[in-house]
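First to last, the protein sequences are chains A and B. Numbers 5 to 117, taken from my numbering, label the letters of the first sequence in order. Numbers 1320 to 1431, taken from my numbering, label the letters of the second sequence in order.
What the hints contain is simulated information worked out from the structure, not anything from laboratory work. Among these hints, one or two may not hold up.
[As the list claims (entries may be wrong)] DEER-style ranges, computed between Cβ atoms:
1. B:Ser-1347 to A:Trp-18: 37 to 47 Å
2. B:Ser-1375 to A:Glu-21: 20 to 30 Å
3. A:Val-57 to B:Ile-1331: 46 to 56 Å
4. A:Glu-74 to B:Ser-1373: 30 to 40 Å
5. B:Arg-1384 to A:Gln-7: 17 to 27 Å
We treat Cβ as the ideally placed atom computed from N, Cα and C, and that holds for glycine.
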Amino acid sequence: QQQVRQSPQSLTVWEGETAILNCSYEDSTFNYFPWYQQFPGEGPALLISIRSVSDKKEDGRFTIFFNKREKKLSLHITDSQPGDSATYFCAARHDSGYNKLTFGKGTVLLVSP
Amino acid sequence: DMKVTQMPRYLIKRMGENVLLECGQDMSHETMYWYRQDPGLGLQLIYISYDVDSNSEGDIPKGYRVSRKKREHFSLILDSAKTNQTSVYFCASSGGRNTEVFFGKGTRLTVV
C-alpha cells in the first residue's frame, strides 16, 4: 500500500505561471511533511516543509497548502522559472519515527521559457 | 560546509560480485540512511542507522547489509549482486529526531 501519493507524475508550465503539485497520504499519524527538490545527477534537497498544526507555509515563491481532514497537501510554485525544472518529492513522517521519511514517487516539473 | 559524500559515484559490477558503497558525513550526525531510487518509484529506504553498530532494517532490506563502525561513516554491502539491484543509491544523514535529512549525490550502480 502506497503511503504517500503524488500527482501528476509530470507537469509542464510556462515561465511565469503557477505550478501546482499535489500530494496525499494514508497514515493519519504523519505530522511532518517536507518537500524535496532534486536536479538530475544530484541528491534530493529540502525545499520547504510543514507540520500538521499549520495549514499553510510560505517561503518566497514556494507555498504549501495543507488539509489535515482530507489528508492532502499541495506545493504551489508561483512565477515559475526554468531553473525550477526538477523532480519534486513529497515526504511524510511522524515525530516518533526517528526521522524515517516515507517518500512519494515524485513529480517531474518542466518550466518552458 | 555540511556534506554527505558518497563514493564511488559510478560503479559497474558483474552479477555475483560483491559491492561496497561508502558514505561519509562531516556533521557528526547520529542517524544515517541508505535509500535506493528507481525511475517512477521514488526513494525507498533500505537501512537506517541510529548510531555506531545500531542499525535497523528499512522497507526493502533484502539483499543488502550495512556496517557502521564510526559515527561519520556508513557502508552498504551487496553480497553477490543481482541485476535487479541496478539502481541509484543515496546515503543521507540527520542530526537526530525531527531534524532535516541531508542527502549525498548518489552512486549509480549497474549490475550486468
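Taking the hints in turn, this is what the structure says about them:
1. B:Ser-1347 to A:Trp-18: 37 to 47 Å: Holds: the Cβ-Cβ distance is about 45 Å, inside 37 to 47 Å.
2. B:Ser-1375 to A:Glu-21: 20 to 30 Å: 43 Å Cβ-Cβ, so the 20 to 30 Å window is violated.
3. A:Val-57 to B:Ile-1331: 46 to 56 Å: For B:Ile-1331 against A:Val-57, whose Cβ atoms are near 48 Å apart, the range 46 to 56 Å holds.
4. A:Glu-74 to B:Ser-1373: 30 to 40 Å: 38 Å, holds
5. B:Arg-1384 to A:Gln-7: 17 to 27 Å: Distance hint for B:Arg-1384, A:Gln-7 holds at roughly 25 Å.
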